[in-house]
Amino acid sequence: MQRTARLAMIVCGCVSLPLQAAEPQTARPDAAMLSHNCAGCHGTFGHGPGKIPSINGKPESEFVRIMRDFKYGRRPASVMDRIARGYKDEDFAAMAAFFAAQK
Amino acid sequence: MPGLSRRRFIQLTGAAGCLSFFGCSGAERKPSKARVLIIGGGYGGATAAKYIKLFDRAIDVTLIEPSKPYFSCSGSNEVIAGLHELAWLGRSQDPLAATYGVHLVRAKVAAIDPSRRRAQLEQGLRLDYDRLIMAPGIDFRWDALAGYDEKASEIAPHAWKAGPQTLLLRQQLEAMPDGGVVMITAPANPYRCPPGPYERASLIAYYLKRQKPRSKILIIDAKAQFSKQALFEQGWKDLYPGMIEWISPADSGSIEEVIAEARTVLTEFDEYHADVLNVIPPQKAGLLAERTGLTDKSGWCPVDPRSFASTLLPNIHVIGDACIATPMPKSAFAANSQAKVCAAAIVAVLNGRQPGAPSLLNNCYSFLEPNYAISITGVYEVSGRSKQIVATSAGETPMHADRRREADYARAWQKNIEADVFR
Ligand SMILES: Cc1cc2nc3c(=O)[nH]c(=O)nc-3n(C[C@H](O)[C@H](O)[C@H](O)COP(=O)(O)OP(=O)(O)OC[C@H]3O[C@@H](n4cnc5c(N)ncnc54)[C@H](O)[C@@H]3O)c2cc1C
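For the protein sequence lines, the chains are B and E, in the order given.
Throughout the first sequence, residue numbering follows the working numbering, covering 21 to 123 in sequence.
Throughout the second sequence, residue numbering follows the working numbering, covering 52 to 474 in sequence.
If you are wondering where the hints come from, they were derived from the structure by calculation, not from laboratory data.
Among the hints, a few may not be true.
Stated by the list, open to error - Result set (DSS-like, lysine-lysine): computed pairs, CA atoms no more than 27 Å apart in a straight line:
| hint | chain 1 | residue 1 | chain 2 | residue 2 |
| --- | --- | --- | --- | --- |
| 1 | E | K263 | E | K348 |
| 2 | B | K108 | E | K438 |
| 3 | E | K466 | B | K123 |
| 4 | B | K108 | B | K78 |
| 5 | E | K274 | E | K348 |
| 6 | E | K466 | B | K71 |
| 7 | E | K202 | E | K348 |
| 8 | E | K202 | E | K84 |
| 9 | E | K119 | E | K159 |
| 10 | E | K348 | B | K78 |
| 11 | E | K159 | E | K260 |
| 12 | E | K212 | E | K348 |
What the hints assert, rightly or not - These stretches of chain E come out as covered by chain B in the derived footprint (C-beta under 8 Å, 3 or more residues):
| hint | stretch |
| --- | --- |
| 13 | 161 to 175 |
| 14 | 285 to 294 |
| 15 | 311 to 320 |
| 16 | 419 to 432 |
The C-beta atom is built at its ideal place from N, Cα and C for all residues, glycine as well.
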């Protein structure tokens with residue numbers, strides 16, 4: 021978990037975190053916060069057996085591309101397109117770094 | 052550990068788990084940072100226990116849950132339809148002790164003393180806390196629907212908490228003759244699992260279509276519209292033509308009274324009779340939350356969604372079905388997501404940090420038959436201005452989408468969420 025916490029700080033820019041918290045309009049959830057929600061379907065840290073694809077260890081650029089394709093309707097889907105539309109593009113980079121670091 | 056002898060505590064927790072309340076038997080551990088007590092080992096509470104430990108192992112986490120096993124409500128409609136046995140719904144929190152060092156206490160909490168920060172177990176034992184997470188799920192408002200009390204539920208089951216009630220409804224369906232009428236009453240919002248009554252009607256239809264094809268299903272609803280309505284109605288037309296009839300209060304008026312022995316429901320304008328009656332009654336937060344003073348006049352617990360801290364009492368957080376997290380539905384998925392926000396916020400505060408911005412998610416599948424499922428999705432964050440939960444996207448299965456693939460996803464979700472919560 022420490023690794024994850026560190027990762028979150030790197031992604032969000034550790035020094036600016038407390039400042040962001042004081043300005044709630046601009047604060048984005050950190051990488052760990054965003055990514056742990058994915059576990060509901062994709063498994064803890066992205067390890068999921070079964071027909072929902074695992075997302076742990078996925079290269080960052082691929083992760084970001086796929087999520088953007090879902091979001092902007094370029095990749096056929098019935099669930100992930102709806103979910104991707106709920107996030108900002110910058111969130112995908114944060115999640116990508118989180119899952120790329122999970123082996 | 053006031054009020055709790057060591058031997059008694061060990062009896063309650065069993066052999067599993069490191070008993071760091073007394074200095075861990077391994078003795079290699081530093082004294083714990085803080086004690087977090089979690090009441091309820093369902094989807095919300097068990098997730099919170101696991102994720103606090105994942106975020107910071109030095110925090111002492113105790114999970115209190117009387118049921119062993121805990122029966123998952125999610126999946127229970129499939130058991131009612133005979134697709135699985137009850138044991139398939141059983142979940143154990145034991146792996147959380149073995150893998151993460153969560154202390155498990157098999158007991159029911161009788162009362163909380165918020166000023167002393169102390170929980171009193173039914174056996175009279177007491178546990179102190181620095182932070183308390185309440186995840187007691189729901190209880191029924193036995194006084195809200197005339198004629199429907201706990202005793203009536205033994206004749207006309209609710210089956211809205213999984214376990215013996217699930218089996219009772221299934222047995223009644225199995226005993227019903229072909230050509231019988233199954234009646235389901237659905238409550239007004241908010242309640243546990245908004246699409247649940249309609250998934251139930253669908254899966255009962257799946258069973259009846261094969262076993263008792265002349266039978267019918269009536270849904271008497273307290274609301275004029277329901278979750279994923281267009282998708283359900285389309286599915287019913289395709290899969291079960293003429294079998295399921297949904298009755299809106301616009302047609303029959305409000306539900307006034309239940310006569311359980313006669314399996315009769317009286318509405319403002321009509322009287323309906325059935326062979327099997329499933330009453331899904333009005334609900335409220337789990338009794339302990341109410342007794343503790345965590346509920347408002349709605350019967351549910353108001354919280355600050357940035358941490359799920361109660362807005363009524365200090366040092367207590369409420370997650371899952373018991374809390375008010377509108378516009379999130381009361382679902383296992385939502386409880387799991389809320390638990391992670393709550394766990395992260397508690398860990399931040401106990402480490403002297405300010406909690407980060409939350410992100411919340413829900414994705415609920417409903418089966419209409421084993422190879423046909425639909426879903427509803429919501430992504431949420433907390434508005435910086437209003438401090439309320441807002442949906443940043445929400446949607447349902449598109450009409451043209453592949454229902455078989457969603458059914459595969461739904462089955463995979465059941466497995467993955469089980470692992471994310473209980474292992
Ligand atoms: C038919 C049906 C189908 C459903 N299908 C889905 C689905 O497909 N997807 C989905 O996401 N959700 C589904 N749900 C909803 C889901 O089951 C609930 O939203 C979820 O269980 C809520 O989790 P919780 O932790 O808040 O409460 P619960 O899971 O009810 O857990 C609460 C626990 O607290 C314990 N407790 C209560 N009081 C005390 C006390 N005083 N002391 C100690 N312990 C106590 C109880 O024993 C219980 O185990 C369904 C529900 C139903 C009824």
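Now for the hints, and whether the structure bears them out:
1. E/K263 - E/K348: Violated, because 44 Å separates the two Cα atoms, which is more than 27 Å.
2. B/K108 - E/K438: holds (19 Å)
3. E/K466 - B/K123: holds (20 Å)
4. B/K108 - B/K78: OK: B/K108 and B/K78 at ~20 Å, within 27 Å.
5. E/K274 - E/K348: holds (21 Å)
6. E/K466 - B/K71: holds (10 Å)
7. E/K202 - E/K348: Between E/K202 and E/K348 the Cα gap is close to 26 Å, so the pair holds against 27 Å.
8. E/K202 - E/K84: The hint is violated at about 46 Å.
9. E/K119 - E/K159: Within the cut-off at roughly 12 Å; holds.
10. E/K348 - B/K78: This hinted pair is violated, its Cα atoms lying about 48 Å apart.
11. E/K159 - E/K260: violated (42 Å)
12. E/K212 - E/K348: Within the cut-off at roughly 23 Å; holds.
13. 161 to 175: The restraint on the stretch 161 to 175 of chain E is violated, since only 0 of its residues have a Cβ under 8 Å from chain B and three are required.
14. 285 to 294: violated (count 0)
15. 311 to 320: With 0 residues close enough to chain B, the hint is violated.
16. 419 to 432: Check passed, 6 qualifying residues.
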